[in-house]
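Participant: What follows is the residue order along each chain.
There are 2 protein chains.
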Amino acid sequence: MTAAAATTVAFSPVRCDIPASNDGDAVPVVLTRCSRCKLRDLCLPCGLSGRDAERADELVYTRRRVRRGESIYREGDAFVSLFAVWSGVFKTTQLLEDGREQVTGFQMAGEMLGMDGIGPEKHSCSAVALENGEVCVIPYSRLEALGREVHALQQQFHKVMSREIVQEHGVMLLLGTMRAEERLATFLLNLSRRLVARGYSPSEFNLRMTREEIGSYLGLKLETVSRAFSKFQDDGLISVEQKHIRILDIAGLRRRVGQKLEP
Amino acid sequence: MTAAAATTVAFSPVRCDIPASNDGDAVPVVLTRCSRCKLRDLCLPCGLSGRDAERADELVYTRRRVRRGESIYREGDAFVSLFAVWSGVFKTTQLLEDGREQVTGFQMAGEMLGMDGIGPEKHSCSAVALENGEVCVIPYSRLEALGREVHALQQQFHKVMSREIVQEHGVMLLLGTMRAEERLATFLLNLSRRLVARGYSPSEFNLRMTREEIGSYLGLKLETVSRAFSKFQDDGLISVEQKHIRILDIAGLRRRVGQKLEP
DNA sequence: CGCGCTGTTGAAACTTGTCAAAGTTTGTGG
DNA sequence: CCACAAACTTTGACAAGTTTCAACAGCGCG
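Sequences listed follow chains A and B, in order.
In terms of numbering that gives the first Met the number 0, the first sequence is numbered consecutively and its last residue is 262.
In terms of numbering that gives the first Met the number 0, the second sequence is numbered consecutively and its last residue is 262.
Mixed in with the good hints, there may be bad ones.
Unchecked claim - Here chain A is said to cover these stretches of chain B; the calculated rule only asks that three of the stretch's residues, wherever they fall, bring their Cβ under 8 angstroms from a Cβ of chain A:
| no. | segment |
| --- | --- |
| 1 | 90 to 96 |
| 2 | 113 to 123 |
| 3 | 161 to 173 |
| 4 | 222 to 230 |
To be verified - When the alpha-carbon atoms are kept at most 20 angstroms apart in a straight line, the in silico SDA-like pairs for lysine to any residue are as follows:
| no. | chain 1 | residue 1 | chain 2 | residue 2 |
| --- | --- | --- | --- | --- |
| 5 | A | Lys121 | A | Arg73 |
| 6 | B | Lys158 | A | His168 |
| 7 | B | Lys158 | A | Leu145 |
| 8 | A | Lys230 | A | Asp248 |
| 9 | B | Lys220 | A | Arg178 |
| 10 | A | Lys158 | A | Lys230 |
| 11 | B | Lys158 | A | Phe78 |
| 12 | A | Lys220 | A | Pro201 |
| 13 | A | Lys158 | B | Gln155 |
| 14 | B | Lys158 | A | Val79 |
| 15 | B | Lys158 | A | Arg141 |
| 16 | B | Lys230 | B | Asn205 |
| 17 | B | Lys158 | A | Thr61 |
| 18 | A | Lys158 | B | Arg162 |
| 19 | A | Lys158 | B | Val165 |
| 20 | A | Lys158 | B | Gln166 |
| 21 | B | Lys158 | A | Val159 |
| 22 | A | Lys121 | B | Ala151 |
| 23 | A | Lys158 | B | Gln154 |
| 24 | B | Lys121 | B | Tyr139 |
| 25 | B | Lys158 | A | Tyr139 |
| 26 | B | Lys242 | B | Arg254 |
| 27 | B | Lys220 | A | Glu181 |
| 28 | B | Lys121 | A | Gln166 |
| 29 | A | Lys37 | A | Thr61 |
| 30 | B | Lys220 | A | Thr176 |
| 31 | B | Lys158 | A | Arg147 |
| 32 | B | Lys121 | A | Gly46 |
Claimed, not checked - Quick list of simulated restraints, FRET-style, between CB atoms:
| no. | chain 1 | residue 1 | chain 2 | residue 2 | range |
| --- | --- | --- | --- | --- | --- |
| 33 | B | Gln232 | A | Ser225 | 34 to 42 angstroms |
| 34 | B | Val195 | A | Arg178 | 35 to 43 angstroms |
| 35 | B | Arg64 | A | Asn131 | 40 to 48 angstroms |
| 36 | A | Arg67 | B | Gly46 | 39 to 47 angstroms |
| 37 | A | Pro201 | B | Asp56 | 23 to 31 angstroms |
| 38 | A | Asp234 | B | Ala77 | 37 to 45 angstroms |
| 39 | A | Lys220 | B | Ser202 | 30 to 38 angstroms |
| 40 | B | Val195 | A | Gly46 | 41 to 49 angstroms |
Honestly, the hints are just simulated from the structure, not real lab data.
Note that the Cβ used here is the ideal one computed from N, Cα and C, for glycine as well.
I would like the entire structure built from these sequences, with the hints used as guidance.
Facilitator: And the structure:
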């Protein structure tokens, strides 16, 4: 199954010692190379070629393992680096003063984490692993410096940030104008689209998040999410076995969202 | 009153002809200078000093008048420039395929518009003036080029984009976890805070948007917004006379949002 | 001066949340 | 490997909050 293929490591990390960088991180690390990474076309260096692609290798010196439930950074932490998901699925969550929490996003391979920290110089949300995974650490000072030299990298970075803004507009639309079932359908279609881009099946996947986390993201209670799943199943649009989802009628699912949402 | 002061033009535009720029805009324009602008500490060049501030003058060659109801750009338009609000209030709106529309933000002096366009290379929302106003046109290619030379400008730009992301997370929190009254209270507090930063009264202002636009932004129907206004008035938190709002008890308003939201 | 847009308010309908109970799966430790 | 506890999911009944529909008032523009 394709799912297994993409989890396979198409990459051999090479141990080496890196001289102390000027941002205070001087431990022996795993050398990673963006130019050889299986995710290069999904990730920040997407579109870079030739010399530019090689220079992108200077971006990432460490890849960090994160175990299920562990966080990459927490709300309030000083901002130092961006992170690119290499494997696993993550969620970002934000707290309201009175303790209410919301999931503001789910991130999978190739997606960037931490851009919220640049402006305030500290993270405004927490990033938590939903399963064991790895993230590439991109020291922000390095990205800034390299961006000035490698024009295409700078552009790429701006595009990534911009797309983050666009995507959040989409979530605002979802939260502001859609009903429960429309929200869930949109969520499933979005997930499907992103999985396809990563070489997985568009119609069959395992959710890494709980009903509660989905609900939090969609502005719904977990019971409502559960009911919507059941409804879709009763209507023959999907089959649900706990976290295992099969999309049986993708067109029907799209019709549940007013009309269609992704082409 | 402070409101009048900030509308006054503390700046004299100078007519001049600029040679054709390489992004196809060759009409006679108004020369503007960021380094002398009354908004420089609120806007993109915030924090630049000395030589850097002067170089920022190369960023903006035109300021564009936009009349109430007119749009700066529309969803789908090719992306060429960013815009900085110089005067007036704007809204950004996004459409859902079935015709539902949502207001995704309100922008006032010093705030940037158009960053959603960088990634997709076309605008993913429309920007419309709620009253007559002016925007500074920042050709994106120029910002990119100048950013490579003026380090601090580049950093500033990244911060602006990042803050946009953070702010949208805030809206997601609002839409995903708050009730009608909490949403409106948050909206009013946010407005008040931004007005203060611009030298206006924190407690008395005129809304430039209709109840429907507020509702759209907050994910509510206009009737619900109207009722929440009335409730706040009955409770002595604010006074409402059509669009004229006076905040009578800002602490009380904060208490309506679970606890507090802005310090 | 009147028409249209905007805003307010009431009552009924609908959607989602809340509470509760029970079933299922997962993980842990003996 | 089994037993048990904890976490997660499903479902029902009812409550609460918001929308919908409707009527009317006020303001502002032509």
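Participant: Which of the stated hints cannot be reconciled with the structure, identified by number in ascending sequence?
Facilitator: 4, 10, 12, 17, 26, 35 and 37
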